[in-house]
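J.: Given next are the chains, with one letter for each unit.
Protein chains: 2
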Amino acid sequence: MKRIEKVTDMAAVSGRLASEGKSIGFVPTMGYLHEGHLSLAREAGKENDVVIMSIFVNPAQFGPGEDFDSYPRDLERDAELAEKAGVDILFHPTPEEMYPENSEIRILPGRQADVLCGASRPGHFDGVLKVLTKLFHLTMPERAYFGQKDAQQLAIIETFVRDYNFPLEIRRVPTVREEDGLAKSSRNVRLTPEEREQAPAIYESLQQGARMFRESGDPDLALGTLRKSLGHIPGAETDYAEILEYPSLRPLSASSREAIIAAAVQFSGARLIDNILVNLEGKRS
Amino acid sequence: MKRIEKVTDMAAVSGRLASEGKSIGFVPTMGYLHEGHLSLAREAGKENDVVIMSIFVNPAQFGPGEDFDSYPRDLERDAELAEKAGVDILFHPTPEEMYPENSEIRILPGRQADVLCGASRPGHFDGVLKVLTKLFHLTMPERAYFGQKDAQQLAIIETFVRDYNFPLEIRRVPTVREEDGLAKSSRNVRLTPEEREQAPAIYESLQQGARMFRESGDPDLALGTLRKSLGHIPGAETDYAEILEYPSLRPLSASSREAIIAAAVQFSGARLIDNILVNLEGKRS
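Top line first, the protein sequences correspond to chains R and U. Its first residue numbered 1, the first sequence is counted upward by one per residue in our numbering. Its first residue numbered 1001, the second sequence is counted upward by one per residue in our numbering.
Source of the hints: derived by calculation from the structure; they are not laboratory data. Mixed in with the good hints, there may be bad ones.
[What the hints assert, rightly or not] Rough simulated footprint, nothing fancy, chain U against chain R, three-plus residues with beta-carbon under 8 Å: (1) 97 to 110; (2) 165 to 171; (3) 268 to 281.
Owing to the predicted nature of the structure, the values given are computational and were not obtained by experimental measurement. We put the CB at the ideal spot given by N, CA and C, even for glycine.
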């Protein structure tokens, strides 16, 4: 596995690969890799000649008071895991490499960014679009891989790639879970042992909400079930619990074809998110 | 010369060329071609395997009350001229092809867009960055060619390409002028015969301002000369006359290395712009 730190080196390598007609699969991450990231890398390996993974804790997508400084990092362990998962090139630039200029040019997502995580993290998705535009241009992938766990990010990126004609395909990869159902996340290490025991209740609550939604077809009823269940998790505060159309993230309507049931829950040292997608085609009339 | 109307066809053709290792030179235009555009195409032909020109009157960069509907168009004449200038592929999509969705995602330039033309055309450069991002992704050029005449556009694009790591180089091409000095522009056809006779005075005024600037080193003195001279053009109203640092478009300082002297003048049926760049290196202490 090749390791690259410099933006100019990354651009030169991907430019050469592209001109040789090699297909590049790209997996952007913030590191502290877990099975979720590795499943993206393995998926990329199946479909492409070369797999590039980036590890970059992107300051532009953290707000003031958020956990940029304390976000977990372990580059040497990550490099070992990435290599085992079939990554060919690991791109791990510094913030100074990625943002040498304090650019005033911003990319603003629309209403898709005003709900769910976006409501409590103003500017977060601006930062996501900024770094992904740069990373897509630097790695020139044919396909880029994103986990369904960050469903709002995925929805916004799919829209961005479509509306701005990026020459690549976005691949949705299912959320990888612990055996007890907890979605894998780099932030899980910050749970206390007691919280770790309670955390699978997030996914259980989403499943209860999804079941009620499938049975009743009534999003309000389903939301009530979800919120009540989340409210019973000891030591956890519900940040949001929503049912929306996916990927538009607008309110559900009669023409909605897919719904997302999503929640964010705050524990003492970690805010966890999870979601379930529900296919509505043929289900509602 | 190949003509392409569909976005998907354009993406497929440029993708194939890129994977064959062919270098693409790209010349974005709004059509109604004149010698200025053709000089861009010829320049592109010297340095690249394939020259792609786009002709697209971009609604996103026209404000309400601006001349989108009346902007001059003549595709068949343009196609002939483009072919003679060495264009290999002419991409001329419809607005519906380019904007099938009413995208909410916007790219906002910073303070560079608040001066000169940007001050009186709010949102104009948002639209320019939107369409160029799409066109760059669709044509995948190694080099893109812009005329120095639209100096603010060029400055913003250079900054955007640098800050967002677009895998291409921006080439500045000098303004092409009529024999009497008037900068070539698609909008020149809208001048009355009397106005056409007066119009070269814009460039003459810029030259007077530049001369005063070089001699005195005093931007205020130069600006006074420029404004006074523009004020004497019969039937013309000065929209702006400015001297700024280039390409930042901030006020001049002791460390400025290049200056732009720029003006916009409104005639009865056309608003014309022009500019002169002044190299300051070694000139100021």
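J.: Look at each hint and say if it fits the structure.
T.: Status of each hint after checking the structure:
{"no.": "1", "hint": "97 to 110", "in the structure": "holds (count 9)"}
{"no.": "2", "hint": "165 to 171", "in the structure": "holds (count 3)"}
{"no.": "3", "hint": "268 to 281", "in the structure": "violated (count 0)"}
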